[in-house]
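Q: Both chains come to you apart, so use the hints to assemble them.
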Amino acid sequence: KQEVTQIPAALSVPEGENLVLNCSFTDSAIYNLQWFRQDPGKGLTSLLLIQSSQREQTSGRLNASLDKSSGRSTLYIAASQPGDSATYLCAVNDWTSGSRLTFGEGTQLTVNP
Amino acid sequence: DAGVTQSPTHLIKTRGQQVTLRCSPKSGHDTVSWYQQALGQGPQFIFQYYEEEERQRGNFPDRFSGHQFPNYSSELNVNALLLGDSALYLCASSLGDGVRSPLHFGNGTRLTVT
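Here the protein sequences come in this chain order: G and B. Mind the numbering: the first sequence is residues -1 to 111 in the numbering used here, read in order. Mind the numbering: the second sequence is residues 55 to 168 in the numbering used here, read in order.
It is possible that some hints are incorrect.
Pairwise CB distance ranges (calculated) [as the list claims (entries may be wrong)]:
1. Lys(-1)(G) - Ser119(B): 38 to 44 Å
2. Glu54(G) - Glu105(B): 31 to 37 Å
3. Ser119(B) - Gly58(G): 36 to 42 Å
4. Glu105(B) - Thr24(G): 28 to 34 Å
5. Ser26(G) - Gln72(B): 25 to 31 Å
6. Leu136(B) - Gly58(G): 40 to 46 Å
7. Gln79(G) - Thr74(B): 38 to 44 Å
8. Leu93(B) - Thr3(G): 35 to 41 Å
Simulated from the structure, these hints should not be mistaken for lab results. No residue lacks a Cβ here, since even glycine has one placed at the ideal position from N, Cα and C.
Isolated chain B, as found in the complex (with noise of 0.2 Å):
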């Protein structure tokens, strides 16, 4: 049973790209969030996708973007990449909105942005 998967596992970019990540959750879930974590910080809320649509966001700017499909994986897109988006960026997924049952993480993609 595959549990969350994310690719890639590392990535660099220069300051002004666009990045895309993407993430496909655990066999049997449907809702799909994705986080931040800063070097030696918790990880912070971004957004949440359920049934292909934005469900809840986090206090992230508009630079910051998704997209869930049919098949419930998802992307995270980042536009006019800043240093400051330098981080862990990790996909969790769940069965329904993921208060009655644990969160899945995958391993994360590590962005550096140069």
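Looking at chain G on its own, in the form it has when it is part of the complex (with noise of 0.2 Å):
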């Protein structure tokens, strides 16, 4: 069974910061690995997508990197603001579930100015 572990559960750092999450998942069959953003009571937003033959994607100021055979994902996010807080999600898709996301319990960051 596929688990998915977020460390740290909480960050909190002062804005313009460069700051790394990490995601790690124990079954390195995987499709694709999803990052998403949830603001407080709101649903998900994807933020990048990595397929299982990517190393990494790049959106802005987001650089998302996989290393299946660890099975392990960083999310980096450059010059963080204010505006980046929020709950920061990773999920798997992998042989043995099929299309459905497996998630981590994410990392709650706080952003300070």
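A: See below:
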């Protein structure tokens, strides 16, 4: 059974800092890995989708990497801003679970002005 | 281009009652998945509908059932509500199985069972 873990559970940083969020998964036979952002009481916004054949994806100040063999992904946020404050969730889509996503519990990020 | 829309946004029910939640997928999408998110947790997969049939199901009891209509919209029904059913219920849509393209989520329905 796939298990996804995110570290740290919470992170507080000053504005302008570069930061890294970590995600690990137990079954490396994945189709893809997706990073989401969730604002309080809201739904999920897809940030980046990395297919199993890819090693990284970039969108603006965000960069996500994938190391399938070690079961790890990182989300790098450059020059953080207060508007980046949210919960960040990683989810994997693997061969045994078909098209459903298995989520981690998220990292709650606070960027202080 | 309307994204995924869910209704209602909030709902309060009493233990033992039944509830129906609704979801309209993003335009052009034909697959709908439902997730339950308890406070402080990651979303848990409930089931997925494609071509009006349940294609896949997570580890949820039969009290949870669903339906997909010909226009691809979907309903989630929960019978005999328990206090533990209180959660944010998220609907996600995709084209096909959603493996090669990202899922698009709605803003969810917040269900409170008292």
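Q: Quick one: are Glu54(G) and Glu105(B) within 31 to 37 Å, going by C-beta?
A: 35 Å, holds
Q: Between Leu136(B) and Gly58(G), does the beta-carbon spacing fit 40 to 46 Å?
A: About 43 Å separates the Cβ atoms of Leu136(B) and Gly58(G), which means 40 to 46 Å holds.
Q: Holds or violated: the 28 to 34 Å window for the beta-carbon distance between Glu105(B) and Thr24(G)?
A: Because 32 Å falls inside the window, the suggested range holds.
Q: Range hint 38 to 44 Å: satisfied by the CB atoms of Gln79(G) and Thr74(B)?
A: 40 Å, holds
Q: Are Lys(-1)(G) and Ser119(B) spaced within 38 to 44 Å by their CB atoms?
A: 24 Å, violated
Q: Within 36 to 42 Å or not, the Cβ separation of Ser119(B) and Gly58(G)?
A: Between Ser119(B) and Gly58(G), where Cβ atoms are some 41 Å apart, the hint holds.
Q: Do the Cβ positions of Leu93(B) and Thr3(G) conform to the proposed distance bound of 35 to 41 Å?
A: 19 Å Cβ-Cβ, so the 35 to 41 Å window is violated.
Q: Does the Cβ-Cβ separation between Ser26(G) and Gln72(B) fall within 25 to 31 Å?
A: Roughly 41 Å apart at Cβ, these two residues miss the hinted range, so it is violated.
In summary, the structure is inconsistent with hints 1, 5 and 8 from the numbered list given earlier, while agreeing with the others.
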